[in-house]
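Enquirer: Each chain, letter by letter, is given below.
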Amino acid sequence: MNDKTFEPTIIGFTCNWCSYRAADTAGTARVKYAPNVRLIRLMCSGRLDPTFVFKAFAGGADGVMVTGCHPGDCHYVEQNYKALRRFILMKRVLVQMGIDPARLKLQWASAAEGVQLAAEINKFVEEVRALGPLHWNLDYQEAVSTPAMEEVTA
Amino acid sequence: MTQRISIDPVTRLEGHGKIEIFLDEKGNVANSYFQIPELRGFERFVVGRPIEEMPLLTNRICGVCPEAHHMAASKAADAVYKVDPPRAAKMLRELLYMAFYCTDHTTHFYALGGPDFVMGPDAPVAERNILGVIHKVGLEIGGKVIQMRKYGHTVVEMLGGRKVHPCSSIPGGMTKGITEEQRKEIEEMGRWAVDFAQFSLKLFNDIVLGNKAYVDLILGDVYTHRTYSMGLVDANNKVNFYDGNVRVTDPNGREFVKYEPKDYMNHIAEHVEPWTYLKFPYLKNVGWKGFEDGMDSGVYMATPLSRLNAADGMATPLAQEEHDRFYKTLGGKPVHQRLATHWARLIELLYAAERWVELVTDPEITSPNVHTKPTDIPTEGIGIVEAPRGTLTHHYWTDERGVVTKANLIVGTTNNYAPIQMSTNKAARSLIKDGVVNEGLLNMVEMAFRAYDPCFGCATHSLPGQMPLEITIRDADGNPFEVLKQFC
Amino acid sequence: MTAKPKFAMYWAASCGGCEIAVLNIHEKILDVDANFDVVFWPVAVDAKYKDVEAMEDGSILLTLFNGGIRNDENEHLAKLLRRKSQILVAFGSCACEGCIPGLANLSPVGDIVHTAFNTLTTDNPHEIYPRASFDVPEGELHIPRLANVLRPLDLVVDVDYYMPGCPPESHQIAAVVDLVVKVVKGEAELPPKGAVIGVGDSTVCDECPRARNVKSITEFKRIQDVAPVDPNLCLLEQGIPCNGPATRSGCNSRCPNAGTQCIGCYGPAEGVLDYGARLIAAFASVIDAKEPEEIERILDGIPDPVGQVYRFNLAGSLLKASAEAWKAK
Ligand code: SF4
Ligand code: SF4
Ligand code: SF4
Ligand code: FES
Chain V
1 MNDKTFEPTI IGFTCNWCSY RAADTAGTAR VKYAPNVRLI RLMCSGRLDP TFVFKAFAGG
61 ADGVMVTGCH PGDCHYVEQN YKALRRFILM KRVLVQMGID PARLKLQWAS AAEGVQLAAE
121 INKFVEEVRA LGPLHWNLDY QEAVSTPAME EVTA
Chain D
1 MTQRISIDPV TRLEGHGKIE IFLDEKGNVA NSYFQIPELR GFERFVVGRP IEEMPLLTNR
61 ICGVCPEAHH MAASKAADAV YKVDPPRAAK MLRELLYMAF YCTDHTTHFY ALGGPDFVMG
121 PDAPVAERNI LGVIHKVGLE IGGKVIQMRK YGHTVVEMLG GRKVHPCSSI PGGMTKGITE
181 EQRKEIEEMG RWAVDFAQFS LKLFNDIVLG NKAYVDLILG DVYTHRTYSM GLVDANNKVN
241 FYDGNVRVTD PNGREFVKYE PKDYMNHIAE HVEPWTYLKF PYLKNVGWKG FEDGMDSGVY
301 MATPLSRLNA ADGMATPLAQ EEHDRFYKTL GGKPVHQRLA THWARLIELL YAAERWVELV
361 TDPEITSPNV HTKPTDIPTE GIGIVEAPRG TLTHHYWTDE RGVVTKANLI VGTTNNYAPI
421 QMSTNKAARS LIKDGVVNEG LLNMVEMAFR AYDPCFGCAT HSLPGQMPLE ITIRDADGNP
481 FEVLKQFC
Chain U
1 MTAKPKFAMY WAASCGGCEI AVLNIHEKIL DVDANFDVVF WPVAVDAKYK DVEAMEDGSI
61 LLTLFNGGIR NDENEHLAKL LRRKSQILVA FGSCACEGCI PGLANLSPVG DIVHTAFNTL
121 TTDNPHEIYP RASFDVPEGE LHIPRLANVL RPLDLVVDVD YYMPGCPPES HQIAAVVDLV
181 VKVVKGEAEL PPKGAVIGVG DSTVCDECPR ARNVKSITEF KRIQDVAPVD PNLCLLEQGI
241 PCNGPATRSG CNSRCPNAGT QCIGCYGPAE GVLDYGARLI AAFASVIDAK EPEEIERILD
301 GIPDPVGQVY RFNLAGSLLK ASAEAWKAK
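Protein chains in written order, with my numbering: chain V, 1 to 154; chain D, 1 to 488; chain U, 1 to 329.
Careful, some of the hints might be misleading.
List of simulated lysine-lysine pairs, DSS-like, C-alpha gap at most 27 Å [stated by the list, open to error]:
1. D:Lys373 x U:Lys182
2. U:Lys215 x D:Lys373
3. U:Lys182 x U:Lys193
What the simulated footprint calls covered on chain U by chain D, stretch by stretch (three residues with Cβ under 8 Å from a Cβ of chain D suffice, anywhere in the stretch; the number is not a length) [said to hold, decoys possible]:
4. 19–32
5. 76–85
6. 118–131
7. 155–161
8. 256–262
9. 277–290
10. 313–319
Counterexamples of contact, computed for chain U against chain D with all Cβ distances above 10 Å [as the list claims (entries may be wrong)]:
11. Pro191
12. Lys215
13. Leu299
Honestly, the hints are just simulated from the structure, not real lab data. Note that the Cβ used here is the ideal one computed from N, Cα and C, for glycine as well.
Given the sequences, and given the hints that come with them, work out the whole structure.
Expert: If you want it as C-alpha cells, here you go:
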C-alpha cells in the first residue's frame, strides 16, 4: 500500500487568528498546498482538545497537523504553550500506542507566513505519505478475532 | 464408547472452572480434567508500568483476595528499592491482612465449603447454601456471620482506603497511619472476632465432629492425598500469613526444605498442559511426575491444612490449643485428608483474630511514622505472603527508574492446581461407578475442590439455587446418552 | 405464587471484585432475594450455562454483567445474556471500559501467551501452549479461544446501562438496587437508555476535600518519593499525577482521602468522550513550563504515559488498542 497512489487524509486544526489567516493568505496568493488537508478552525490552538486528535486518528486520518500563533503572539496570551504541552504529552501516548509520532505535527505560523505554512503542509503530506496509511479503526472490528493458538504462538 | 460429563461452570468457586469427566464403556470414570478457561495476561501487561503501580494493578487479578496481592506486591516493591518500612507500617499492613483473613475464612466456611458439610452433600441443591445453613443452625448465626464480614471490611477500608482493592500500601510503607480512636474501634472488633472464631470452632465441633457419618467422610480415603505441604512460617516455625520463610514438609511430615522468599525460583517450577490456561506448580527438586501422590512426586498443597502441616504450631495461645486438638483427633501430623481443610481453616481464623488483637494493642501501632523513603536505585525484588488459598509470590525486575521490565507471579490458587485436579479425579473415580451418576455424587466431586479453594467470596448471603440443574452425558458421537435433572 | 422478575449476574473476564462488592451491600442483598428470582449467578447459585440457554428470550428482567470480553466464551455468554435479558447493565470498570485487564491491549495476544508460559519458573522446554481443542486419550477437550484484544461489553452487544467503578462502591450499588426494586413495584421509572447509573455527575476533584490553590507544577513525583503527603493539599499540586480531574465522581474521593492519588477507576467524567485525552489536557494545563525541553523534562516524571492516562480505559478509549496488539495477525 506504500505506493505513490496513496493519498493520505490529514486533518488540520488551525487557530483562527494567525495560522488560519496564513492558510488563507496562501490561498489568495495562489500558493498551492496539497488538497489532502482538511482544515478545522479553532479559536486558538489552546482550544485543541486531545480528543479531537484521537478521534481524527480513530476515524481514519493518516496524519494530524495543529497550527497556532508563534510563541508570544497568542491572542489568548499563553494558550499556545498549553497546546505545546498537550502536543508533547500526546506524542508520548501515540508512541506507546504504536502510532508513529511523526503523524502528528505542530506548526507555528503568523498571518504573514502563508508561503511557509503551505510549504510545511506539503512537506507533512509527503512525510505522512511515506509512512503509509494508518487505517486505525477501519481494520479494528475485523481484527477482533479469536486466532488459533497455533497461529499466535508460532 | 466413551461418555462425557461436563460440569460447567463450577459454581461457588473463585473465577471460572470446568470439569470434564470421561466414562469408559462400563460407565466408570476413565479420566477427568479440571480446566481453567481463562488467561488475562498480567505478567505481560504489568511490564512498562512503574513499580508503585503493582500493588494497585495486581489487585485486579483477584477481587476475592486483592489484599494478598496488594501486600505481596508492596513487599516486592520494598525489595526492589531495598527499603525497610517502619515497624508501624508493617504492623498496619499485617493488621489489614488479618482482618481480611477473618472475613475471607468466614465467608469460605459459612457460604462455600460449609454448606456441603452442614447440610450434607446429599441435600437438595436449593438448601446447599448459606441460607440453608442459617435455616438449620439458627438465624442468630447468620447475623454473626454478617457481622464478622462487616467488621473485616470495615478494618480493610479504614486501613486500606477501600473495601475491595485497597490502595494504601506503597513502596516503603503505608500512605497513612491510624488514630487512637480508630485503634480502639479496631481493637473492639478484633476481640469480637476472637469470640466469633471460637464460636465457629464450637459449631464445627457440634455439627460435624459430633456426626459419625461426617467424620467418616473426612477420614475416608476418597478425599486423601499424600502430597507435600507448604506454608509460610515465622522464626519459630509457627504459622505466619504476612512474613517469614516458606517451609515445605514431605508426605511423612518431615521438613523437606525451608527457603527464604528470595530463593523461591530454586524450589518451585511450573508445569504446562495444553488443555488448560493455568500452570501446575511443583517442587523443582522433587520433579514433575504427573498427577501423583507420594514422596517422588513434586506435587504440593498450599492450603490451611498444609500450613498447619508445614508448621510446628500456631503463634497465638488459643489457636495453638485448637491446633493440638486437631492433630490429636485426626491421628497426628501430617493430616492428608483434604476435607479436614475446613477445620484447619477455622483454626487459622482463630489465629488471625488473635493476631489482630495482638497487633492493634501494640503501643507502636498508632505511630505516625509509617513510611521510609526509598533511596536506593530500584533493581529487582520478590515479595511473598501467605494468601488464604496458598503461598503467593510476586517477583519484579525494574529498570533504574523503577519501571517494570519483567514479572513473575505464582498466585495462591495456582499452587493447588495439581492437587485439585487429583482430588476431583479421585472423587469422580470413587463416586461414579458402573454408569451410576447422580447429582449428589457430582456435588461431591465439586466438594473435592471446594476444600482447596472454593473461595468465591460469595459472602454470607449467597442466594438459594432455584434453577433445575441439568447434566447431559454424551456418548462418543456427541449424542445425549442420559440427561439428569434435578428440580428444586 | 406470582412469579418474581428474574435476576442474573455474570462474570466474564473479571476478577470477582464486582461480585464481592454486590455481596458487600450486606442486608440489601436480601432485597434482591425478596424481589427477584435469582436464576443465574455462578458465584452464588448452582445453575449452569445450559439452564440459561433453555430460558425464553427476554425472560430475565435484569442482568448485571461484569468483566471484559477476552475470549470467545465471554462473547458467547454476552450475546446469550443479551438475548435473554430485558435490561443488560455493564457492571464495573471491566465491562464498561476494559479496566486494568484492558492494558493487555498494548501487546499482541501471542506475546501475552508467550510471556505467561515462559516465565522464570515455567518449565516449558517444548513450548507447549494451551490449545482451544486438544485430544487427550479419552476424547477432545475444549477451552475458549483468546481474542486478540479485550473489549468492553458494548463493543460486543447493545448495553442498556453502565455502572462504572472498580468495583462500584457498595453504597452506589445499594442505591441502584433500591431504584430497581422501586421500578419493579411501579414506584419509579427507569433512567433513559445508555445512562450511567450509580455515580455522581461531576469529577472526583469536586468531591475531594483537599485544597487546591496554585495550579502549576514544575515536577511530577512518585508517591514513594513524597509520602507522607501533605494531608490537606491537592495531590496534583504536590506533584503526584492524580487522575481526579478526569474521573467521574461517586466514590467520595476514596483514594485521595487515604493519602494516595485517584487512579481513575470510575472512568470518564460526564461528557468526557475519551478519558485519556481529558487527562492529557488536565496535566498539560498544570505544567509550569514553556520551553519544549523543560516540558519534556517535567513529563519524564510520568514514566508510563499510557498507563497513567488510560489505566482503566484503554479498551474503551477512542484508540482501543495499540497497533501492535490488533494488527499483529
Ligand atoms: S471492574 Fe474491577 S472489581 Fe470489577 S471485575 Fe473488573 S477488576 Fe474486578
Ligand atoms: S487532583 Fe486529586 S487530590 Fe487534587 S483535588 Fe483532584 S482528586 Fe483531589
Ligand atoms: S478515588 Fe479514583 S481510583 Fe479511588 S475509588 Fe475513587 S474513582 Fe476509584
Ligand atoms: S490565538 Fe493563535 S494560538 Fe492562541
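Enquirer: So, for every hint listed, does it hold in this structure?
Expert: Outcome of the hint check:
1. D:Lys373 x U:Lys182: violated, 52 Å
2. U:Lys215 x D:Lys373: Holds, at about 26 Å.
3. U:Lys182 x U:Lys193: holds, 17 Å
4. 19–32: holds (count 10)
5. 76–85: With 0 residues in contact (Cβ-Cβ under 8 Å with chain D), the coverage given for the stretch 76–85 of chain U is violated.
6. 118–131: holds (count 10)
7. 155–161: The restraint on the stretch 155–161 of chain U is violated, since only 0 of its residues have a Cβ under 8 Å from chain D and three are required.
8. 256–262: With 4 residues in contact (Cβ-Cβ under 8 Å with chain D), the coverage given for the stretch 256–262 of chain U holds.
9. 277–290: Per the Cβ count (0), the hint is violated.
10. 313–319: violated (count 0)
11. Pro191: holds, 25 Å
12. Lys215: holds, 23 Å
13. Leu299: holds, 13 Å
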